[in-house]
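Enquirer: Heads up: the sequence lines are chains U and H, in that order. 1 is the number of the first residue of the first sequence in the numbering used here; add one for each residue after it. 1 is the number of the first residue of the second sequence in the numbering used here; add one for each residue after it.
Simulated from the structure, these hints should not be mistaken for lab results. Be aware that one or more of the hints could be misleading.
The list makes no distinction among identical chains, and a pair is therefore deemed to hold if it is satisfied within one copy or across any two copies.
Calculated pairs, SDA-like style, for lysine to any residue (alpha carbon to alpha carbon, straight line, at most 25 Å) [what the hints assert, rightly or not]: (1) 50 x 14; (2) 95 x 76; (3) 36 x 107; (4) 22 x 149; (5) 36 x 122; (6) 50 x 20; (7) 22 x 179.
There are 2 protein chains.
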Amino acid sequence: MLAGPIQELVDELGRLPGVGPKSAQRIAFHLLEAPKDEALRLAASIAKVKEQIRLCSRCFNVAETEICSICADPRRDPAVICVVEDPRDIVSVEKTREFHGTYHVLGGALNPIDGVGPEQLRVRDLLNRLGNDHDHKIAEIILCTNPNLEGEATAMYLARLLSPLGLRVTRIASGLPVGGDLEYADELTLGRALAGRHEMAG
Amino acid sequence: MLAGPIQELVDELGRLPGVGPKSAQRIAFHLLEAPKDEALRLAASIAKVKEQIRLCSRCFNVAETEICSICADPRRDPAVICVVEDPRDIVSVEKTREFHGTYHVLGGALNPIDGVGPEQLRVRDLLNRLGNDHDHKIAEIILCTNPNLEGEATAMYLARLLSPLGLRVTRIASGLPVGGDLEYADELTLGRALAGRHEMAG
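Taking the hints into account, I'd like the entire structure generated from these sequences.
Expert: So this is what it looks like as structure tokens:
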């Protein structure tokens, strides 16, 4: 129905996450009507990402160089490692501006049904980082996996694995989102918020 | 926060219609993790569309050749011209499988606020098509612009312009969508449905 190259583009766009057939068609026609240099800039950006981006050899964050910009930053504290599932979780943590340590990207979470065990994650690389820490600089591991079934199982597994090493192992808090409403909170979240209550100075 | 090339890609993706910052980031990381040939196929598709697609010299549909596949198809009836605002409206009409004539793409709708008058649309090209029709083959013009303010104004304008030429000029029906519900219909649509009522054989 559509001219060949447009249909091809619609098909390729439809493979992207969150892009349905209608959006794919809308984006394809947008690109068709857009100035040529704007459309080709997008094509070039895709190629550039595939050419130039690799994983940091230390933390497995996305990087342009051997070591990512966070690991290479002397202002970041290498004594605190925040363990995340995915490089995009680093973006979320960085946006808080609350964390000044370094990261370790697992590359997923434990999921026996999908065949993801500790060997499929970068657990051994984390242990190697700790093993190579001869000056005992690393003081704390923050388990920042998602607060869902797989993320909790991964955090539990890592806590058991790392606790004997004499490090402080912490888990991010679960509870009500800021600006939230008790009335609309699900019972699991509210239960976690109660269990995780803390002293409040008067 | 993100490595340069990824941030560039997120920015480029964020310019696409219907793609917000979160979706842009999700798509960028998807492309980063996707097999290289899959990502580059998308980049190549964009370039190919910009290189190979042009507008049909007769109806202004998107085409790979001088004349689009619909205009070139001998099974299509050149006596009936369906006037649409945009090439993607042709896709919608074609999906109905109800129309076997040809098209004319206006390239928009009248919109005095945005400075779109008849000169900015392909109205003159439509008149030229009718003027060159020395055998008086063209019998009907179906005004298939959107049933909104601009589309209605455009249909009204074209109806006035074309009626004196002794052609049948028709407008697509407005009314309740099939599978719809009177209770949820807005009053304008229901009003149109009543005004456009037709005899029903018992």
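Enquirer: Indicate, hint by hint, whether the structure satisfies it.
Expert: How the hints compare with the structure:
{"no.": "1", "hint": "50 x 14", "verdict": "both (19 Å within a copy, 18 Å between copies)"}
{"no.": "2", "hint": "95 x 76", "verdict": "within (15 Å within a copy, 57 Å between copies)"}
{"no.": "3", "hint": "36 x 107", "verdict": "between (37 Å within a copy, 18 Å between copies)"}
{"no.": "4", "hint": "22 x 149", "verdict": "between (33 Å within a copy, 23 Å between copies)"}
{"no.": "5", "hint": "36 x 122", "verdict": "between (42 Å within a copy, 22 Å between copies)"}
{"no.": "6", "hint": "50 x 20", "verdict": "both (24 Å within a copy, 22 Å between copies)"}
{"no.": "7", "hint": "22 x 179", "verdict": "between (34 Å within a copy, 21 Å between copies)"}
When held up to the earlier numbered hints, the structure conflicts with none and fits them all.
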